[in-house]
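So for the sequence shown, numbering that gives the first Met the number 0 puts the first residue at 0; every next one is plus one.
A hint or two may mislead.
[Claimed, not checked] Straight-line distance between alpha carbons at most 27 angstroms, and here's what the computed BS3-like set of lysine-lysine pairs gives:
1. Lys118 - Lys140
2. Lys118 - Lys77
3. Lys387 - Lys357
4. Lys140 - Lys77
5. Lys118 - Lys143
6. Lys363 - Lys387
7. Lys143 - Lys77
8. Lys140 - Lys387
9. Lys378 - Lys357
10. Lys378 - Lys363
11. Lys143 - Lys357
Treat the hints as calculated values from the structure; they're not laboratory data.
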Amino acid sequence: MKNKSWKVLNFICSLTIMGFLLLATGCKESDSGNNSDPTVNPPVATQPSGSGTLADPYIIANLDNLFWVTQNSAHWGKHFRQVANIDAAAITNFSPIGNNPNFFLGSYDGGGYTIDHIKISLPSTDYVGMFGFANSGSAIKNIKLTNVNISGNLHVGGLVGEIYYGSVLNCSSTGTVSGTGDVGGLVGVNYHSSVTTGTSMASVTGQSYVGGLVGSNYFATVSNSYSTGSVTGTVERIGGLVGFNSSSSTVSGSYSTGNATGGSRVGGLVGYNLATSVVINSYSTGNATGTSYVGGLVGWDDNSTISKSYCVGSVSGTSFVGGLAGYNDNQVIASFWNTDVYSSPAVGGGTSMGITGKTTAELKQQATFTTWDFTATWKISEGVSYPKLQWQP
Numbered sequence: 000m001k002n003k004s005w006k007v008l009n010f011i012c013s014l015t016i017m018g019f020l021l022l023a024t025g026c027k028e029s030d031s032g033n034n035s036d037p038t039v040n041p042p043v044a045t046q047p048s049g050s051g052t053l054a055d056p057y058i059i060a061n062l063d064n065l066f067w068v069t070q071n072s073a074h075w076g077k078h079f080r081q082v083a084n085i086d087a088a089a090i091t092n093f094s095p096i097g098n099n100p101n102f103f104l105g106s107y108d109g110g111g112y113t114i115d116h117i118k119i120s121l122p123s124t125d126y127v128g129m130f131g132f133a134n135s136g137s138a139i140k141n142i143k144l145t146n147v148n149i150s151g152n153l154h155v156g157g158l159v160g161e162i163y164y165g166s167v168l169n170c171s172s173t174g175t176v177s178g179t180g181d182v183g184g185l186v187g188v189n190y191h192s193s194v195t196t197g198t199s200m201a202s203v204t205g206q207s208y209v210g211g212l213v214g215s216n217y218f219a220t221v222s223n224s225y226s227t228g229s230v231t232g233t234v235e236r237i238g239g240l241v242g243f244n245s246s247s248s249t250v251s252g253s254y255s256t257g258n259a260t261g262g263s264r265v266g267g268l269v270g271y272n273l274a275t276s277v278v279i280n281s282y283s284t285g286n287a288t289g290t291s292y293v294g295g296l297v298g299w300d301d302n303s304t305i306s307k308s309y310c311v312g313s314v315s316g317t318s319f320v321g322g323l324a325g326y327n328d329n330q331v332i333a334s335f336w337n338t339d340v341y342s343s344p345a346v347g348g349g350t351s352m353g354i355t356g357k358t359t360a361e362l363k364q365q366a367t368f369t370t371w372d373f374t375a376t377w378k379i380s381e382g383v384s385y386p387k388l389q390w391q392p
């Protein structure tokens, strides 16, 4: 009887120990499954088909082809065409295509396809973006960048760090872009170049010359473009769309909806409009917050022009704060700000001629905008919405 009892007891103990072992093994496997990342195969640089000429461009069909482009600067004067969506997550630190002095001098047609998850972490490097420095004659078009995570020093953009005597057409970006100066959601520096039908929904941060779409414009144009992401700069020249619009540059038919926050020269659309530059047929709906020279549309309009534009966001700062412009010393033509959001003054300093404050209700009536073109440029849903640009949905 005693031996039988010991056998039963030993059996029970054995079952108990086995149970604990199984439980421990199960927990370990479960923990391992929760903490491990799926294995991602690194790309292999594979030369794309094609010869790289304008008539026979290199065909970018996958990540291996795109990786090959980043690794072969000898081909940065060639022409490329993308033919499929690409996920770049397997590249842990994407190498910008083009730098100084090895510029990108060719063309890249994204074909309307996406490139997802470009990650670049080069906080001490200048000219950072999918394209670092695109020089004379370069043409970049039809690229959709999604979920970018890009950081650099100077001349940083989601798509291009700097484009010089080139063009960006029908390109877009989403994600986050950060740097020190000349930082833009799509383009860092737009020099003697054009950005047309460009879009950025990226969140952008920097110190100076920071814009939701373009950090700085020099002898350049931004047209039929928009940005929606938040823009934050700790120092100056911070704009919802463009941080610094200078040297006879033009912003036309464009808008921004994101909030712009910074120190000095902060504008809902443009931070600093300088040297015979123009803002025309454009608007902003985001808020502008800073310390000095803060405006709902433009932070400081300096020897430049604002024409047929409006803003409806709130404005706050400590000195030189205005509904339309923080400071204006030149010509403003038929432009408006929302007095229900920011009562007065129209400008924090300088002249307010050509600027009119209107209520929300008045800004939703076509009769308010007597000299504006509602046939080719603007449209309005009477009594329902603020004016929109004809090209908008």
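(message) Against the 27 angstroms threshold, does the CA-CA distance of Lys387 and Lys357 hold or violate the hint?
(response) 17 angstroms, holds
(message) Can you confirm whether the C-alpha distance between Lys363 and Lys387 stays at or below 27 angstroms?
(response) Holds, because 10 angstroms separates the two Cα atoms, which is no more than 27 angstroms.
(request) Would you mind confirming whether the straight-line C-alpha gap from Lys143 to Lys357 stays at or under 27 angstroms? (result) With Cα atoms ~38 angstroms apart, Lys143 and Lys357 exceed 27 angstroms; violated.
(message) So if I understand the rule, the pair passes when the alpha-carbon distance is 27 angstroms or less; does Lys378 with Lys357 pass?
(response) 18 angstroms, holds
(request) Could you grab the alpha-carbon distance between Lys118 and Lys77 and see if it respects the 27 angstroms cut-off? (result) 24 angstroms, holds
(message) Hinted pair, alpha-carbon criterion (27 angstroms max): Lys143, Lys77. Please report holds or violated.
(response) 20 angstroms, holds
(request) Starting from Lys140, check that the Cα of Lys77 is at most 27 angstroms away, please. (result) 15 angstroms, holds
(message) What's the verdict on Lys118 and Lys140, does the C-alpha distance respect the 27 angstroms limit or exceed it?
(response) 20 angstroms, holds
(request) Compare the distance between the alpha carbons of Lys378 and Lys363 with 27 angstroms, and conclude whether the hinted pair is satisfied. (result) 11 angstroms, holds
(message) So if I understand the rule, the pair passes when the alpha-carbon distance is 27 angstroms or less; does Lys118 with Lys143 pass?
(response) 15 angstroms, holds
(message) Check whether the Cα positions of Lys140 and Lys387 lie no farther apart than 27 angstroms.
(response) Cα-Cα ~25 angstroms, so holds.
In terms of the numbered hints stated before, the structure departs from hint 11 and from no other.
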